[in-house]
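Build out the structure end to end from the sequences listed, making use of the hints.
All you need for the working numbering is the position in the sequence shown, starting with 1, plus 24.
Please keep in mind that the hints were generated in silico from the structure rather than gathered at the bench.
If you're wondering where the values come from, they're calculated on a predicted model, not measured in any experiment.
Calculated lysine-lysine pairs in the DSSO-like style (CA-CA distance at most 27 angstroms, straight line):
{"no.": "1", "residue 1": "K480", "residue 2": "K531"}
{"no.": "2", "residue 1": "K597", "residue 2": "K480"}
{"no.": "3", "residue 1": "K480", "residue 2": "K420"}
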Amino acid sequence: MHPEIVRDAPGSCPICGMALEPLVATGDEAANPELRDMTRRFWTAVALLLPLLVVAMGDMVPGQPLARVLPAARRSSLELLLATPICTWAAWPFYQRAVASIRNRSLNMFTLIGLGVSVAFGYSVVATLFPGVFPATFRLPEGTVPVYFEAAGSIVALILLGQVLELRARAAAGSAIRALLDLAPKTARRILDSGAEADVPLETLERGDRLRVRPGERIPTDGVVLEGSSPVDESMLSGEPLPVPKQPGDRVTGATLNGNGSLILRAEQVGADTVLARIVALVAEAQRSRAPIQRLADRVSGYFVPAVILVAALTFAIWSAFGPEPRMAHGLVNAVAVLIIACPCALGLATPMSIMVATGRGARLGVLFRDAQAIELLRDVDTLVIDKTGTLTEGKPRLVTVLPEPGISEHQLLRLAATLERGSEHPLAAAVVAGSVTRGIQLGPEPEGFASIAGKGVRGRIDGHEVALGNRGFLDELGVATTELEHRAEALRREGQTLVFLALDRKAAGLLGIADPLKPGAGDAVRALRSQGIRVVMLTGDNRTTADAVARQLGLDAVIAELLPEQKLATVKQLQAEGRCVAMAGDGINDAPALAQAQVGIAMGTGSDIAMESAEVTLVNGDLRGIVRALALSRRTMRNIRQNLLFAFLYNSAGVPIAAGVLYPAFGLLLSPIIAAAAMSLSSVSVIGNSLRLRLAR
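Here it is as structure tokens:
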């Protein structure tokens, strides 16, 4: 509930009194010391409570055999003997937290529990040892002073039961992280320099190690396939059950499941740098964050506990003045019932439990939320702004067209382009270089004076010639006429090709056509989003004709093309100024400003680290259908939180007046403190149970 509280050892939160969660997740479901302690106290309380109830209710048995054997005074002494361990040792953690809440000036549920139990037990102790100090208003018609050891003991046992159930449920909510960590194998099969193979602990792996993965084994760490081919089950990243074929040169992710082939791979990321480790870290951080909606519960809780104490005091005063005999005894019992039933545990758990379960569920679906605020904001998104290259498309463009101008050979054009692009990190540059290598073209020397202009192109000198490569606008800035090439370029753009122009010594030398296939599932994702009322807008630095071709295939609502990075940012701001709640999906460094500006930034896990650092949501494997999953999970989570808050508010709103005795004048009904304790525990467990339903959300 309060992630700002950090301690170097297990303990309870000084604000709410609940147990602190481990900051660093582990794959071992280690023994929970608080759960073990609460369980031991609960069963001890139950073992003593059963005979205590028999003794306390002896007068209700027909013939009253116990009353004949034990007079009232001795029965009270026996009840004191049985109740003392329950109301002291078993209830001790509640008293500690109650005292801490007062000392820290942060009244919470344990303030009410500690006050209620101590009042009921302390009164009964004094009534047993010193009955003469009580006035007539505390005495029954026969002159005895009633005691409430069974009520105090039952309250403690029932609250302990609630704590045990709550701790078990919280452990279940955190099972997503353990399940993810359990996917990773404990050892890897390292290929030594001698060719021998040895199984080594996973933590001893280093970058560059060659590893063998046999059929049916989990891949030990992130790497690149060197030899072999095999289908790999990546459902832990994508939620999709279909395996993905892997061949030499393909990247693989640690903890994914190898199929029926044998692979040799080179370790690229190990330890905390692996995708799995980063997922776990992000999920743990998100689970510790606070959603804005929780502020409502915080504000209510801040006034609620003092108000309950005031209501309990008024209840005692009113019953003592106007209630039936013994008036003060009735006042005491009803005041204790008010204190116990009003514990705001359900209210405090309503939001963090849902967030904890939802972030874990999202991680299993390949959707990582940076924090709880991202879950809440995503629900309100009505416009999705999406990048093209690497987001809607695979981001692995291929060179498909080479059109030189007269006097320039295809070989010469491609050699100049690939030599220049060798110094660029742009995906289109990689396609040009790869295309030249495939065609067996020998690259020239390193270009002199190489310069890369973001969103435009590259330039440099090769073999004494000035060479420039980029979009039409870039060549226009250099004063290069591209009119003749433009006629042929338009037809290629309509086929969805991205074109780059090459200029040699300030004259147009030709163009290259690069095709970037759409990502599998991109069309399904766009259709699903539009069916939910989300407006999908594509922003791209590519040519409008090429962008329109992609938009037609996907059925997008709008396309804005030929944008520089700062223009993407300006477009997001403009949409926000129109009153739209904008989510931006992208994968590149040039998308980072727009991702940061949008209400919700969505980064492709296959893209740049800067994009992921700027975003609130990361799709681990870059599958756009993850956006649909994230949106659905956001809406279900917020609906779940509202259900929890509504239940908690209604429970406390109805429970306090009933415990105070508002039904007594009309119906003669009073709420026993025992029933109040059972209801309080049940409310907390109900909220947790409702939150855990998110684990099964489709």
